[in-house]
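**Q** What follows is the residue order along each chain.
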Amino acid sequence: MRLISFGTILFLFWLALSGYFKPFLLIGGIVCTLFVLYAARRMKLIDSESYPAHLFPAASTYWPWLLWEIVKAGWSVTKAVLRPKLDISPTMTRVVATQATPECIATYGNSITLTPGTITTRVDGNILTVHALERGGAIDLEEGGMDARVTQFERGR
Amino acid sequence: MILIDVASWLLILAGCFFILTGAFGMLRLPDLYTRMHSASLIETLGAGLLFAGLMLQAGFTQATIKLFFILLLFFLTGPVITHALAQAALEFGIKPKLTEDRRGRLDDDGKAPASDNDGRPS
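Heads up: the sequence lines are chains A and X, in that order. Under our numbering, think of the first position of the first sequence as 1145, with each following residue one higher. Under our numbering, think of the first position of the second sequence as 63, with each following residue one higher.
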């Protein structure tokens, strides 16, 4: 099942990037897809961590939410950088990731890093060490709004 | 399609603004870690808006699909690289300039240390 959906995505990816629709080349694309599938299966690359198909539906609402967070955080970093009198308050803190699976802890850590103004500098189990450009960014993470949203994402919503 | 042209130019100009701001911040901010925050402004808002503008210019073509995949690659690899750089710098011993260090608020088990309640290291 996982293999079939992965193969379909691989072939659509090939199709989108090549843009060829001649029968001969299409067959070539299918052969390539099957070969990649075979190799990936032999190397046991396709598991729930490398290909989290069960998270795709939830990702469709998570990504827009994350993009909006990026816009808000990006704007506050922009203001901090352009303020005539430099007035930043770099802060480091530790936060707990309440997600159960490694791929969702990674999602949380990467979401923190992707949001301007906060960087995950260390991951120990489910403790993330975070560097924030401004104290407010660190406090926001400690309050756990983003953590709760990623946990909700993990549960498939 | 003058409307699409205007929208795409607005997006491209906004992207340029954030890229320039990010570059300016990388020069202005005081240390490695704060400069990385400024750099992440470039790879998220800067690249994102610029690519959105370029996608509008390309319209419904294959180029738009390719631009989308490049942007996706940015968003997936960017934080990994940033994280690797920050962790390597910390391990190497480059001390961040901090106004407040709240790392003491949790010990390695994720519990608040008993000695202090306000989150400051004692």
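These aren't lab readings, by the way, just hints derived from the structure by calculation. The reader is advised that the hints may include incorrect statements.
To be verified - With a straight-line Cα cutoff of 30 Å, these simulated DSSO-like cross-link-like pairs (lysine-lysine) come out:
1. X:LYS157 with X:LYS173
2. A:LYS1223 with X:LYS173
3. A:LYS1216 with X:LYS159
4. A:LYS1216 with A:LYS1229
**Q** All hints, please: hold or fail.
**A** Comparing the hints with the structure gives:
1. X:LYS157 with X:LYS173: holds (25 Å)
2. A:LYS1223 with X:LYS173: The given pair, whose Cα atoms are some 34 Å apart, is violated under the 30 Å limit.
3. A:LYS1216 with X:LYS159: holds (25 Å)
4. A:LYS1216 with A:LYS1229: holds (21 Å)
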